[in-house]
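If you're matching them up, the sequences are chains A and B in order.
If you read the first sequence in UniProt numbering, its first letter stands for residue 1, the second for the next number, and so on.
If you read the second sequence in UniProt numbering, its first letter stands for residue 1, the second for the next number, and so on.
It is possible that some hints are incorrect.
The list treats identical chains as interchangeable, and a pair is accepted whether it falls inside one copy or across any two copies.
[As the list claims (entries may be wrong)] Keeping only pairs whose Cα atoms sit at most 30 Å apart, straight-line, the calculated BS3-like set for lysine-lysine is:
(1) K309 <-> K293
(2) K52 <-> K644
(3) K556 <-> K671
(4) K644 <-> K95
(5) K52 <-> K520
(6) K90 <-> K644
(7) K644 <-> K293
(8) K556 <-> K672
(9) K317 <-> K400
(10) K380 <-> K95
(11) K407 <-> K59
(12) K672 <-> K95
(13) K543 <-> K664
(14) K407 <-> K210
(15) K90 <-> K368
(16) K309 <-> K210
Note that these hints are calculated values from the structure, not bench results.
Take a look at the letters that make up each chain.
There are 2 protein chains.
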Amino acid sequence: MTDYKGSTLELECINTIRAVSADMVQTANSGHPGAPMGCAPIAYLLWNEIMKYSAQSPKWINRDRFVLSNGHACALQYVMLHLTGYADSKISDLKQFRQLGSTTPGHPESFVTAGIEVCTGPLGQGISNAVGIAMGESHLAATYNTPELKVFDNFTYVLCGDGCLQEGISSEASSLAGHLGLGKLIVLYDDNNITIDGDTTLSFTEDVQKRYASYNWHVQAVTDVVTGLDDLRTAIANAQACTDKPSIIAVKTVIGQGSPHKAGTSGVHGAALGEQELLDTKKGYGLPNPELKFQISDAVVKQFNTASKKGEDSLTKWQINTMDKFSASLPEKAQEIQRRFAGELPTNAFDDLPVFTIGETKDLATRKFSEGCINALVPKLPEMIGGSADLTPSNCTFPKGGVDYQKGTPHGKYIRFGVREHAMAAISNGLYAYGGFRPYCATFMTFIGYCMGSVRVSALSRFGILYVFTHDSIGLGEDGPTHQPIEQFEQIRSMPNIHLWRPADSNEMNAAYESAIRNKFTPSVLACSRQTVYGLFGSTKEKAMMGAYTAIECEKPALIIISTGEEVKFCVKAVALLTAAGIATNLVSMPCQDVFLQQSEEYQASVLPGNVPTLSVEASAVAGWHRFSHAQIGMDNRFGASGKGPQLYDHFGFTPDNISNKGKALVEFYKKNGNIPALRNVPIFEQFGKALH
Amino acid sequence: MTDYKGSTLELECINTIRAVSADMVQTANSGHPGAPMGCAPIAYLLWNEIMKYSAQSPKWINRDRFVLSNGHACALQYVMLHLTGYADSKISDLKQFRQLGSTTPGHPESFVTAGIEVCTGPLGQGISNAVGIAMGESHLAATYNTPELKVFDNFTYVLCGDGCLQEGISSEASSLAGHLGLGKLIVLYDDNNITIDGDTTLSFTEDVQKRYASYNWHVQAVTDVVTGLDDLRTAIANAQACTDKPSIIAVKTVIGQGSPHKAGTSGVHGAALGEQELLDTKKGYGLPNPELKFQISDAVVKQFNTASKKGEDSLTKWQINTMDKFSASLPEKAQEIQRRFAGELPTNAFDDLPVFTIGETKDLATRKFSEGCINALVPKLPEMIGGSADLTPSNCTFPKGGVDYQKGTPHGKYIRFGVREHAMAAISNGLYAYGGFRPYCATFMTFIGYCMGSVRVSALSRFGILYVFTHDSIGLGEDGPTHQPIEQFEQIRSMPNIHLWRPADSNEMNAAYESAIRNKFTPSVLACSRQTVYGLFGSTKEKAMMGAYTAIECEKPALIIISTGEEVKFCVKAVALLTAAGIATNLVSMPCQDVFLQQSEEYQASVLPGNVPTLSVEASAVAGWHRFSHAQIGMDNRFGASGKGPQLYDHFGFTPDNISNKGKALVEFYKKNGNIPALRNVPIFEQFGKALH
């Protein structure tokens, strides 16, 4: 490209990024070369001139954050991490792109590769995470910075494509970002007019710039990064200068830039170029030894060494001129920052969890007990920040004396997410990813269907988010089946690395919150009732933290009833009826299946011996309960209905009478049939099960 | 309100709508009075002057469609249905608002109440359904109308609130609606500045009108419907006149209009006014007998009788002047329309499903077999319309000779949804709701997390949508854990009224499609592999339609292996190894748990006798499999990884060797332990289970 306006070295760097990215995809014969080749100029500018980072200390708390929202373009990011000296992105790693066990997986994984902030790939997540990341920076800056010492002072840069902007989640997050005026969020939109199906004219003809203006963003367009970077340099400078609005820069690029036969087509999006096309492409770039792969000239290496060195210097300068001085003048604040980013807890974190005394304390809905836990924990844990998707009065998530996090009050810790569940969860992931936060967020349990995509990313990313999901059963009543969860518990229980807690009383709620906070690498869903429950005799926080325990125990149980949450109150009465009828019955409260399955086989067998007829009772899908019980009372393959909560519980058979009658029938059944099925979780079996992979 | 510019009768009608809506909520002491009171003028205008409908024939195919996207305002819609004479909304029904078994549930349910088009309540669904409804009208008009005879010629009106517009799903659907230029879609935005948390300034300060302009919508604002309706009349007329763009009219309203102490506050959103406040409100309206509830004056009754009569006349006119003439001139087309709207199938619907012959037909990925079914069914079933969320080449959903449904080609049947999964599912619901359609739509299985909210509405609404979800296991390989489903199968299996099909070969795929099409009131998810499977000896469409069947059967099985989809191919080899080792083994292929559970206990027992050691093998969460098997090989509480598909299957233990070894171990285990656990689904047990509710 003789007409390139920048230096030849600059162009060589950019073409090298393109070539090595394409080499990676070709070597793996799998992946996405088009976006890396199109976005190479943007990446060059960010890592060479714009961003402040440290390859030696990838977790430097004041680094600029970079989010690759179009995660399929990750070959580009791995190349940049390699050129700037990150340990997990050596040439040998680039050659292992997309191979099992490599540090260069097919989509970015924050827990695998140093320099990756969040797991992206599912479109729209990254840009929404970035909103949370920028919120985190603004909150911590407002909380800790002094006029002289800016401990937190970084930008958040996002690279995203058409796909990310089509996803509703990005609309939700972007609208909120504009509302909050996140001046340090800068989105670079890879405006290449191509999607998998073909040209964007097939389905995406909205005016993106006008749309972002409607969100109150600072909007710019750059029409050419092929022949030079000056326009983009200026646009990024303008974006940095605009401190009261998030910025989006629509950058016209050509997907697969330089590929003689595939540039500008969807054919280059998701498949290797092919050896010949790759060779011709690299020849077109005018790079040395085009027939060889992974070629990086000394000049290019030197250029990025300089950039990398500049990064290390900025860290050193910050350490000496800012952080050390801050630690000297405000040692306690500095220790708090250190503690928060280390993910450690204050020793007294759980001291104020409310104590519930039967007969003395008032019976309440478990959502109110949840509120009590939030009020007890938030003052102890400044890292707890959160809010609700416009259901604050129903979710009971506003802490005593809480302050809204708003444009004018970034030190506030209560987030008004609006009716934006999917973005709420993704923003919580972003806050966690920034570091120093334990976010909680809330909506009705049934609306997890609106944010399952982001909840899954929490679990995969090992982000210990607290999801406070209230109105957790048909008991919520009149709002009817659209609002009544049925399958949601099992949907969460079947997801890896996430805990579903469904407490039956205040002690169990304490256990749920303590477990959720202690499990910093596992998100937890806290299912809360809208209706009043009664203090459960025999419950303690310690017992509940085992996931399941025997709440009512007798000498030689002829029957075991397992239940969770609000339905436990019916089972308590059922046990009384059964006992009166001469059937010795244990009641097992199981607030968290996931945690119970982590206990020793001995403990599991002590609660569920497996040779005692066992009946589970939960107003939800029975799927999943066969693992623990011989028979189930549940909402098997049916939705709820609109009516008064108590009437619904009667109507669907969640009554002490029905439970005790079915319990009797189960005992009778085995008296007749003998051969009591060994339960799935008797020790040997679980052990055996564990061996199966 | 002496300054009311319209007639006093008009104002009395509007205030009566407000009063009766508030009476309903007060009587139920549950519900949402604010929106009905604020939106009463809009509703009055729509039902009294604008809309064409028939209370006597609520399903008239050319009726104008009305969607209450803010479903919590349904008291308003029930009042309108009552005033205009719909059978399910008698005064006695209004008095049963939100009571168990009533025809006036807490949120609109299309299968309960005549005159309700779709189930709304989960915000954003309704407006997105409406996009599908408007698409349906434009497609059928383009398909059947003649220059003289407009069989299909209706508008789709939507009432929605701030909440609907904050949800990402509405952004997705609205962007697509603008792209498609749906001129007969008219959205009335209840712009009342109030959300549950309080004023919209807390979280929602975007410029909605500018945003909709960016989607290429026709945008208008009406600042006053309190003192008169002329501005709204004009705006709706303009919207109707704009035929190449969807219209949105932002109508300034006052939530709880007329409530002396609560109007304009979030306090009137979701709770009854209280007797005194209700009384004072009605006094303010100047209505007779304010102390009495459900008062409708003769003048108001008469006014709506006239409107209702006008509706019946328009139906009669259409029948005589259009439909009868159309039937006379194009009897076959008329019959096709009749058949489609009756949900009947042509007798030869399934004749062309591809026959697979082992050794002759080519082994393919099941997504290719799915494509074969689409190609066989679409020509036979004009009601099949569908597309993909920008994954057409991967989902293999574009039918041979298909034509895109676009602004210029509304007769086309292939929809380019863009990267908009949530709207895609909601639009499919809307197409189904319009009538005469059996929509199918597609994305990767893992991205069901992006549209679970709408998929649930399909199941609840009894809409037989076909969800074609490909890339259904770790076998997809290099894209890694963000793209590899683990919990998704169980998430679907635990949802009421939806079938998950995971075919292992071509015959099973035929069964999946035939079952999905025949179950018109149950949505089906068709899980398809990216990788090649091998024809399964012993498989037939008929056997597969039982949900599970014995594919490899021996005299006296010592072991039963159950598997699904691609993993069946490993199990076939494992069975060979086991047989060679002297362990007689049956292989059960279970493409659909849900359908198998509907079979007779005799059939279930014939496939899974329950007293034979049974091992299930599926590369997904093991949760749910305990119902069918004694031990499970699965992805228990773990995500996948990025790597070559076959390597991943090896790595996670899905190999013939591991399966046969675990099978041996299971047999050994029971030899030692005796007491083979009776499975959950042995007849007596299932029967017993069925009794449990």
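Earlier hints that do not hold, by number:
2, 9, 10, 12, 15 and 16
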